[in-house]
Amino acid sequence: MLLDPDARGQAGSTAEAIGIENVSMSFQGRQGPVEALRGINLTIPQNRFISIVGRSGCGKSTLLRIISGLIPQSAGTIRVMGRSTQDYQKEKKFGFVFQEASLFPWKTARDNVRLPLDVIGIGTPAERAARADDLLRLTRLEGFADHYPAQLSGGMRQRVSIARALSYEPEILLMDEPFGALDEFTRREMHDELIRIWQTRPVTVVFVTHSLSEALYLSDAIVVMAPRPGRIKAVVPVAHPRLADPDMRHHPDVIAQTRDLERLIHEQ
Amino acid sequence: MLLDPDARGQAGSTAEAIGIENVSMSFQGRQGPVEALRGINLTIPQNRFISIVGRSGCGKSTLLRIISGLIPQSAGTIRVMGRSTQDYQKEKKFGFVFQEASLFPWKTARDNVRLPLDVIGIGTPAERAARADDLLRLTRLEGFADHYPAQLSGGMRQRVSIARALSYEPEILLMDEPFGALDEFTRREMHDELIRIWQTRPVTVVFVTHSLSEALYLSDAIVVMAPRPGRIKAVVPVAHPRLADPDMRHHPDVIAQTRDLERLIHEQ
Amino acid sequence: QDISFRLPWILNVQGAGYVMAKEKGFYEEEGLNVEIMPGGPNLNSTALVASGANTFGSNDVNGVIFGANQGMDLVIVGACFQRHPAGVITLAEANINEPKDLVGKTLAYNEGGPWTLTQAMLAKAGVALTDINLVVSPSTELLINKTVDAKTGFTVNEPIAVELAGLPTKVLLPSDYGVNTYAEAIFTTKAYAEANPEVVRKFLAATRKGYDYAYANQEETVAAVVAINTQLDPVQQAEQLRRQEAYVYTDFTKANGACAFDGAVVSDTMDVMKEFAGLETTLDPATLFTTEYLPQ
Amino acid sequence: MSSDAMAAPAASSGRGSAALAKLRELGPSIGLFLLVGVIWEASVKLFAVPAYLLPAPSVIGTRMWATRVMLWENLASTMTAAVLGFILGTAIAVGLAIVFLYSRTAERALFPWAITIKTIPILAIAPLLTIWLGFGLAPKVAIAALICFFPTLVNTVKGLRTVDRNALEFMAVIGASKGQTFRHARLFAALPYTFAAAKISSSAAVIGAIVAEFTGANLGIGTLIVTAGYQMDSAMLFAAIITSSLATIVLFYAVILLEKLCLYWPEARMDA
Amino acid sequence: MSSDAMAAPAASSGRGSAALAKLRELGPSIGLFLLVGVIWEASVKLFAVPAYLLPAPSVIGTRMWATRVMLWENLASTMTAAVLGFILGTAIAVGLAIVFLYSRTAERALFPWAITIKTIPILAIAPLLTIWLGFGLAPKVAIAALICFFPTLVNTVKGLRTVDRNALEFMAVIGASKGQTFRHARLFAALPYTFAAAKISSSAAVIGAIVAEFTGANLGIGTLIVTAGYQMDSAMLFAAIITSSLATIVLFYAVILLEKLCLYWPEARMDA
Ligand SMILES: Nc1ncnc2c1ncn2[C@@H]1O[C@H](COP(=O)(O)OP(=O)(O)OP(=O)(O)O)[C@@H](O)[C@H]1O
Ligand SMILES: Nc1ncnc2c1ncn2[C@@H]1O[C@H](COP(=O)(O)OP(=O)(O)OP(=O)(O)O)[C@@H](O)[C@H]1O
Ligand SMILES: Cc1ncc(C[n+]2csc(CCO)c2C)c(N)n1
Ligand SMILES: [Mg+2]
Ligand SMILES: [Mg+2]
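Protein chains in written order, with this note's numbering: chain A, 1 to 268; chain B, 1 to 268; chain C, 1 to 296; chain D, 1 to 272; chain E, 1 to 272.
With the rest of the complex left out, here is chain A:
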């Protein structure tokens, strides 16, 4: 399924960022193989913000992990910016933000952000520190560079995690329920933060969530998945343009679309 490039007001290139063709995945489970994904086809154009929703166990995380090359698919092919996943991974690196910030507790916020730079070997140490501080500023964490994760609130940790994923300037940002552990208020602040960041630099975002309101608020298009076997049920362009106004959450279009999506998810 090709995402309609003009589904939303947002200007963007129609060049392909991620192309998924006929990807299937089965795990060796206790009682025989588990078919986590079957025949996934999806093309994501560059610089889009795509959400993946679906009930627990429908294969959202698995799909993200296959795209990022963390696990190899059982069948099918994936192109990322025209390369194979492995090649892309080697040359360019994905940005990845996990549910539960997954920072390294023994590193300060700054050291967490510069970790990928250290590992990949970008720039001089001084440049890396400067770049980490830039990103902490971008994520509004100026004063907290020397704090350890345990000294930050959940929302702040999640922002460090995003800064870390952005530090090596990935063209593609994969996020797996990054805000699942936050309370609703902090979560909304993070939404606006994320959109602001996304608007400041060209990046393709694939965002997994099980919150429809989150998906509708953030994305250009929503991929609805269904479980057993994990498959794509529909790709829905978001009807109402996103704005930094929280009231937009209650716009009739949004509500109507929420209802449609709910039905889509609940029907087997």
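In case anyone wonders, no lab produced these hints; they're calculated from the structure.
Some hints could be false.
Stated by the list, open to error - Anything over 10 Å on all C-beta distances counts as not near chain E; from chain C, calculated: (1) Gln1; (2) Thr46; (3) Gly63; (4) Phe66; (5) Asn97; (6) Val136; (7) Glu141; (8) Gln218; (9) Thr290.
Said to hold, decoys possible - The following label-pair restraints were derived from C-beta to C-beta distances: (10) D/Leu46 / C/Pro234: 45 to 51 Å; (11) D/Glu25 / B/Asp146: 29 to 35 Å; (12) C/Ser51 / E/Arg104: 54 to 60 Å; (13) C/Thr230 / D/Leu53: 24 to 30 Å; (14) E/Ile117 / C/Thr130: 35 to 41 Å.
In this text, a Cβ means the ideal position worked out from N, Cα and C, and glycines have one as well.
Chains B, C, D and E with the ligands: place on chain A using the hints.
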């Protein structure tokens, strides 16, 4: 603040269930005392479903723990069904449901539900088992009596937790973010389940949440709290009657009220 | 009369005399019901007797002296090993025939009776410790392995294993160089002896018969000992018993009976211990033993 | 892609029967045991190492078979003391942990003693223990118990205190007594910790009993070791050590079995 | 309301200065130590217990003072071996744990050996160690190392494997090498576990060194204990044991201090 007994269609006695007068609470923190609650006044009539909302740290859990007698307030008085908290606790027991089901992993669902009966010493062992099975049926867990918590899904565990709290027929049910750990879909199922149970027996529910939609969907009235120091900002009767129709979530009245509540919570 | 007797070491032919006195009913004839209890590398028969846990015990005489010096109310009533079998065991091929041959050789020692006596022997022979290459270890394996040329130890049992391994040995005995001391002595508390002189007498008399029987009937004795402690190797035990005979039966005991003694060397022993075993004492040697319970 | 992260997902692992998996698991260790045995045997034969220095496995095996009755008797004595000491030490540790749970003062007063006991070389005081406790089983059991005591105490105290706070509050809300709270909640929360320590101390208990036997006993692996040393019988020394090692491993697995029975609920076990 | 659940909230705890809190914490243990000392002294005096059974604390203290130079020299020798053995044993355990991390086969082959080693009474093979390792420091260090080895291995293996899966996956996503993943993630995840074991094995190392000295050394607490045993000098025996216990406790706290330095980030420490 007295909750308007007629704020909602639901018929109910106006007799007081819980009366909170001028309750304050301060904790001894590392850097001096923390004022968790200041001058709380609240009267909750019998058989109402009351929600408490507010930002993290505003004292919701503390208030619930004081009502239940788990910790003593620093100042003020609390009446529960005309008695002191301690007396009520001794004679009648509260029903309490915690965030994260907090079942005993070494007990089956049935044994978890009958635990309070065993502890309090209600009925014969056979009667207790029968009563536990009744409650498991009520919470739609017939087939799972002999399962251990680790063998149940999050939603099922939460239902066992509710069955456990109901097993000794409390007149008052205190719930502290009971559905916080569930995904949105399971959460909605639990909402309808809880309302169904609440409708089948007379019980006063005090429900802490940080989800406004949850509060609006479930309650007769919403207590809005504000932090530092923890205090009651407003008590808002729910404008739109609750129904088992999920679409009610998107009724204009509900949306308007959500917006009002949001503003109330966010303004300092 | 119930009596318990504590051996200085695990039950083996070293305690042959007591075992045979019991086996042959010599104790019973005297009206004594004796329980023979084993010692071990870490067990102190003197403390057990002093504390009342056992009636009689046997131990190196220097052990009794050390115990008495710690305030134990002990008295030696018999001395069954007239000479001390402790000394230096060497490999025959090292050709060490007298103490001064140890100069320049490697000697393994460890703390305890044999080392004390060896130091005394070397002093008498005018050999300085600094001229010997000393190492610390109790392992007889070192000798077999030829890591060391000599080691201190008990010459009645340790050389047997080395010889069974095919290496002839020689020994240097302090008792051959003027270091005179008893080895195993029988003792009890002064209080017990004074309160039960007859029991002490009977015990010594029966024990003497046991010793005599044991060394006269060595095959039977080995069989009896091995029957009690089945962990033992009869071949080794027989050889050890044979070697022990010369230490138990000297001209003096041949004349006066096994375990008889006159206590003359107790004072010498104390001098050796003062010089080489760190003994600090004001004890009068004469109070440490009595010959009055010996059978006449 | 780095395979470093792949330990957990274990994707597309080859299929294979359970027996095959078991073999793959045990294979390397059995293989290495056999290999070491063969190399040992061969080099002893090749370099004509005398048995006194290092007996060949075949010699040890032959000796074990020849002395099996004696080994068994002595083992029985040692293991009786070890198991009794293990039970006693564990029981005292658990009891004291319960005391600590309800009395911070007792904990503060006694915990330094527990640490101090741990720093004492038991062998050094073994001779005194024989004098204080007499001869025979008692000092063996006492030393085994002493050696088991500390890790179990530390772990059980930790276990009793790690009960989920919500669980305790729930018990408080329904007005449970201390006894009820203990029986329904703390006991089970502590069990996995206690067992983690018990697995460690089971082998320590056997060593404790053997050390006690070094000071003088009629029967036991410790006396076999002493006698073997006295007679310079290396084959017997190895036979005794191997016998007690095997028995210790059996005890270790017996504790694991007991753990499986006691920690019957899913997700209960902590790996030691 | 049951006060059972109140341990955690610790509401309205009285205020008090830090010094007072410290005193409240240490008070009971110091008090009990003094009490035991007084009762011990008094009952030894009162019942005229002979010194060879139990010397009075005053006698032990006097002896410790009188022999302080000798105690110090011997202690230095023992602690040198213990600390070296502790470092060596820990290093080998950590090294082997890293090997196990990257080779399941090595783990399967070698882990049973680690368990087996744990079941061997070290004292029994100590006499053989001088043959294999020579005299002096080496066998002492070897036994201390052997005794430290097992708990550290088990804990470090566990620690290295408990790294957050997300952390590993993040390292994989950014293409980190095994070395980088180890340096940035696993190492720190394992440290708290390694230290938990190190705290336990620090005291075991001292006991190991002392046991080694029992079988042959010319200096060390172990030789003092042997000599005291030979001379039946209980006061000296206690003086030696107390000296080594105090030193062991100092070593224990030194490891805790090192742990505090190494686990510098908040929430890092596991309580042992
Ligand atoms: N390593 C694995 N081994 C075996 N089965 C797995 C593995 N990982 C995932 N699965 C299975 O694959 C299916 C999809 O899992 P996945 O984690 O992708 O779901 P999800 O949509 O992310 O769910 P959630 O919303 O709960 O995170 C599930 O049935 C799961 O049990
Ligand atoms: N035992 C305690 N000791 C000290 N301070 C405490 C204690 N319990 C709560 N507090 C403080 O009291 C305030 C209120 O805490 P409480 O847990 O009641 O908040 P809450 O509204 O339930 O928050 P959340 O939504 O995060 O659960 C907070 O500032 C908290 O730090
Ligand atoms: C290694 C070793 N140590 C002690 C003894 C016991 N022992 C043998 S002779 C003797 C002196 C007799 O009074 C003693 C105590 C031994 N046999 N082997
Ligand atoms: Mg997922
Ligand atoms: Mg709360």
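Is it true that threonine 230 of chain C and leucine 53 of chain D lie within 24 to 30 Å of each other by Cβ? The hint (24 to 30 Å, Cβ to Cβ) holds, given that threonine 230 of chain C and leucine 53 of chain D are roughly 26 Å apart.
Given as non-interface: glutamate 141 of chain C, which should sit over 10 Å from chain E by C-beta: violated (5 Å)
Would you assess whether valine 136 of chain C, listed as outside the interface, keeps its beta-carbon beyond 10 Å of every beta-carbon in chain E? Violated: least Cβ distance 4 Å, not greater than 10 Å.
Determine whether the non-interface label on glutamine 218 of chain C survives the test: each CB of chain E must be over 10 Å from its CB. holds (30 Å)
Per the stated criterion, does the least C-beta distance between asparagine 97 of chain C and chain E lie above 10 Å, as a non-interface residue requires? holds (26 Å)
Status of the given 35 to 41 Å range, CB of threonine 130 of chain C versus CB of isoleucine 117 of chain E: Since isoleucine 117 of chain E and threonine 130 of chain C have Cβ atoms about 40 Å apart, the given range 35 to 41 Å holds.
Separation of glutamine 1 of chain C from chain E, once the least beta-carbon distance is taken, above 10 Å: holds (26 Å)
Please settle this one: threonine 46 of chain C was flagged as non-interface, so is its CB more than 10 Å from every CB on chain E? violated (6 Å)
Closest CB-CB distance from glycine 63 of chain C to chain E, is it above 10 Å? The assertion about glycine 63 of chain C is violated, with a minimum of 7 Å to chain E.
Would the least Cβ to Cβ distance between phenylalanine 66 of chain C and chain E come out above 10 Å? violated (5 Å)
Glutamate 25 of chain D and aspartate 146 of chain B, beta-carbon distance inside 29 to 35 Å? holds (32 Å)
Taking the Cβ atom of serine 51 of chain C and the Cβ atom of arginine 104 of chain E, is their distance within the range 54 to 60 Å? Check passed, 57 Å falls within 54 to 60 Å.
In this structure, the earlier hints numbered 2, 3, 4, 6, 7 and 10 are contradicted, and the remaining ones agree with it.
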